[in-house]
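A.B. asks: Spelled out, the chains give:
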Amino acid sequence: QKEVEQNSGPLSVPEGAIASLNCTYSDRGSQSFFWYRQYSGKSPELIMSIYSNGDKEDGRFTAQLNKASQYVSLLIRDSQPSDSATYLCAVNPLWSGGYQKVTFGTGTKLQVIP
Amino acid sequence: GAGVSQSPSNKVTEKGKDVELRCDPISGHTALYWYRQSLGQGLEFLIYFQGNSAPDKSGLPSDRFSAERTGGSVSTLTIQRTQQEDSAVYLCASSLARTSDSPLHFGNGTRLTVT
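The listed protein sequences derive, respectively, from chains A and B.
The letter at position 59 of the first sequence is residue 59 when you use my numbering, and the numbering goes up by one with no holes.
Take the position in the second sequence, starting the count at 1, then add 114; the result is the number in my numbering.
Note that these hints are calculated values from the structure, not bench results.
One thing to keep in mind: the hints can contain errors.
[Claimed, not checked] EDC-like cross-link-like pairs, simulated, lysine to aspartate or glutamate; straight-line CA separation at most 20 Å:
| id | chain 1 | residue 1 | chain 2 | residue 2 |
| --- | --- | --- | --- | --- |
| 1 | A | Lys56 | B | Asp215 |
| 2 | B | Lys129 | B | Glu199 |
| 3 | A | Lys56 | A | Asp83 |
| 4 | A | Lys42 | B | Glu158 |
| 5 | A | Lys42 | A | Asp78 |
| 6 | A | Lys101 | B | Glu158 |
| 7 | A | Lys42 | A | Asp83 |
| 8 | A | Lys109 | B | Glu158 |
| 9 | B | Lys125 | B | Asp170 |
| 10 | A | Lys56 | A | Glu45 |
| 11 | A | Lys67 | B | Asp215 |
| 12 | B | Lys171 | B | Glu158 |
| 13 | A | Lys67 | A | Asp27 |
| 14 | A | Lys109 | A | Glu5 |
| 15 | B | Lys131 | B | Asp215 |
| 16 | B | Lys129 | B | Asp170 |
| 17 | A | Lys101 | A | Glu15 |
| 18 | A | Lys101 | B | Asp215 |
| 19 | A | Lys109 | A | Glu15 |
| 20 | A | Lys101 | A | Glu5 |
| 21 | A | Lys42 | B | Asp170 |
| 22 | A | Lys67 | A | Glu57 |
| 23 | A | Lys109 | A | Asp83 |
| 24 | A | Lys101 | B | Asp170 |
| 25 | A | Lys109 | A | Glu45 |
| 26 | B | Lys125 | B | Asp138 |
| 27 | A | Lys101 | B | Glu182 |
| 28 | B | Lys171 | B | Glu128 |
| 29 | A | Lys101 | A | Glu3 |
| 30 | B | Lys171 | A | Glu45 |
[Said to hold, decoys possible] To list a few chain A residues with every Cβ distance to chain B over 12 Å, as calculated:
| id | residue |
| --- | --- |
| 31 | Pro14 |
| 32 | Ile18 |
| 33 | Thr24 |
| 34 | Ser26 |
| 35 | Tyr36 |
| 36 | Met48 |
| 37 | Glu57 |
| 38 | Asn66 |
| 39 | Gln70 |
| 40 | Tyr71 |
Predicted, not measured: the structure shown is a model, and the values here were computed from it.
Cβ atoms here follow ideal geometry from the backbone N, Cα and C, with glycine treated the same way.
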């Protein structure tokens, strides 16, 4: 069983619509959750982080976390063609003062159609 | 401040040659990761450093791959006797790693082509 799972897509949405990206994780001890965006040929860049249950909004982006269901999602409102990229979900375990290794999902490719 | 720096940005080498890839993390970042990404694929974890130690090197594909980190800073990934299947982008990332809330910061990667 993969530790962090994402649908590989592609997820196609029309311009102006809401894009919904989902991620599930297996480690109940996971503490922190991150969304990275990776444009083709570029490195991943951090766009959102979330640490507690509920919603966190930043501009057109909303991250949602449900630890009981081991589920984290990213909503992109008013999707733009420039949002077309691969979105990576990353999970940090509880910090133990020493070794802590982040785990990435394989990413979901988003295509926003003009 | 300066981000994660990787060099070279591009490397073309002949099959069978050895290559060294360098990563200079953000100052003060204790955790350092190496990933490999083939065209159109996801991130493939290679190795993780905490300080100069490598608690997890489970992702290194074969004994041709090795990595070290010195002074808790610069890391070098070495690939011996390169093969064509080693062609990929090699990404380095670092994090503060003092709490669970530390995200990774990625370098621009080294694109390795083995001919």
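A.B. asks: Compare the structure with each hint and give your call.
C.D. replies: Tested hints:
1. Taken as a hint, the Lys56/A and Asp215/B pair is honoured in the structure, with Cα atoms around 15 Å apart against an allowance of 20 Å.
2. For the suggested pair Lys129/B and Glu199/B, the alpha carbons sit about 10 Å apart, so the restraint of at most 20 Å is met.
3. Between the alpha carbons of Lys56/A and Asp83/A the distance comes to roughly 19 Å, so the proposed pair stays at or under 20 Å and holds.
4. This hinted pair checks out: Lys42/A and Glu158/B have alpha carbons roughly 15 Å apart, not beyond 20 Å.
5. Proximity of Lys42/A to Asp78/A is assessed by CA-CA distance (about 23 Å); at most 20 Å being required, the pair is judged violated.
6. At most 20 Å may separate the alpha-carbon atoms for a hinted pair to count; Lys101/A and Glu158/B meet this at roughly 14 Å.
7. Distance restraint check for Lys42/A and Asp83/A: the Cα-Cα separation of roughly 14 Å lies within the 20 Å cut-off, and the hinted pair is therefore satisfied.
8. Between the alpha carbons of Lys109/A and Glu158/B the distance comes to roughly 17 Å, so the proposed pair stays at or under 20 Å and holds.
9. Between Lys125/B and Asp170/B the CA atoms are separated by roughly 26 Å; this puts the pair beyond 20 Å, and the hint is violated.
10. Restraint check for Lys56/A and Glu45/A: satisfied, since their Cα atoms lie roughly 18 Å apart, inside the 20 Å limit.
11. Using a Cα cut-off of 20 Å, the hinted pair Lys67/A and Asp215/B holds, with the two alpha carbons roughly 16 Å apart.
12. Simply put, Lys171/B and Glu158/B have alpha-carbon atoms about 12 Å apart, close enough for the 20 Å limit, and the pair holds.
13. Restraint check: the Cα-Cα separation between Lys67/A and Asp27/A comes to about 10 Å, which is no more than 20 Å; the hinted pair holds.
14. Distance check on the hinted pair: Lys109/A and Glu5/A sit about 13 Å apart at the alpha-carbon level, within 20 Å; holds.
15. Taking the CA atoms of Lys131/B and Asp215/B, the gap is about 40 Å. The hint is violated against a cut of 20 Å.
16. As the CA atoms of Lys129/B and Asp170/B are separated by approximately 28 Å, the hinted pair breaks the 20 Å bound.
17. A hinted pair counts as satisfied when its Cα atoms are at most 20 Å apart, and Lys101/A with Glu15/A does not qualify at roughly 36 Å.
18. Only pairs whose Cα atoms come within 20 Å are accepted, and Lys101/A paired with Asp215/B is accepted, the gap being roughly 12 Å.
19. The straight-line distance between the Cα atoms of Lys109/A and Glu15/A is roughly 15 Å, inside the 20 Å bound, and the hint therefore holds.
20. This hinted pair checks out: Lys101/A and Glu5/A have alpha carbons roughly 17 Å apart, not beyond 20 Å.
21. Restraint check for Lys42/A and Asp170/B: the C-alpha separation of about 26 Å exceeds 20 Å, so the hint is violated.
22. Distance restraint check for Lys67/A and Glu57/A: the Cα-Cα separation of roughly 18 Å lies within the 20 Å cut-off, and the hinted pair is therefore satisfied.
23. A C-alpha spacing of about 10 Å is found between Lys109/A and Asp83/A, which places the hinted pair at or below 20 Å, so the restraint holds.
24. In summary, the hint linking Lys101/A to Asp170/B is supported, as the alpha carbons are separated by about 8 Å, within the 20 Å threshold.
25. Between Lys109/A and Glu45/A the alpha-carbon distance is near 15 Å, which keeps this suggested pair within the 20 Å criterion.
26. At roughly 17 Å between alpha-carbon atoms, Lys125/B and Asp138/B fall within 20 Å of each other, so this suggested pair holds.
27. Pair hint Lys101/A plus Glu182/B holds up; C-alpha atoms about 17 Å apart against a cutoff of 20 Å.
28. Proposed proximity of Lys171/B and Glu128/B is contradicted: the alpha carbons are some 26 Å apart, above 20 Å.
29. Of the pairs offered as hints, the one joining Lys101/A and Glu3/A holds, with about 12 Å between alpha carbons and a cut-off of 20 Å not exceeded.
30. The hinted pair formed by Lys171/B and Glu45/A fails the criterion: a straight-line CA distance of about 24 Å is larger than 20 Å.
31. At roughly 24 Å, the least C-beta separation between Pro14/A and chain B is larger than 12 Å, which holds for a residue marked as non-interface.
32. Interface exclusion of Ile18/A from chain B stands, the closest Cβ pair being 24 Å apart, more than 12 Å.
33. Thr24/A, annotated as away from the interface, keeps every beta carbon of chain B farther than 12 Å; the closest lies near 16 Å.
34. Interface exclusion of Ser26/A from chain B stands, the closest Cβ pair being 16 Å apart, more than 12 Å.
35. Residue-level check failed: Tyr36/A sits 8 Å from the nearest beta carbon of chain B, not beyond 12 Å.
36. The Cβ of Met48/A does not lie farther than 12 Å from every Cβ of chain B; its closest approach is about 10 Å, which violates its non-interface assignment.
37. No Cβ of chain B comes within 12 Å of the Cβ of Glu57/A; the nearest lies about 18 Å off, and the non-interface call holds.
38. At roughly 18 Å from the closest C-beta of chain B, the C-beta of Asn66/A stays outside 12 Å, upholding its exclusion from the interface.
39. Listed as a non-interface residue, Gln70/A keeps its Cβ farther than 12 Å from every Cβ of chain B; the least gap is roughly 16 Å.
40. Against the 12 Å criterion, Tyr71/A stays outside the reach of chain B, whose nearest CB is about 18 Å from its own CB.
Consistency note: the structure conflicts with the earlier hints numbered 5, 9, 15, 16, 17, 21, 28, 30, 35 and 36.
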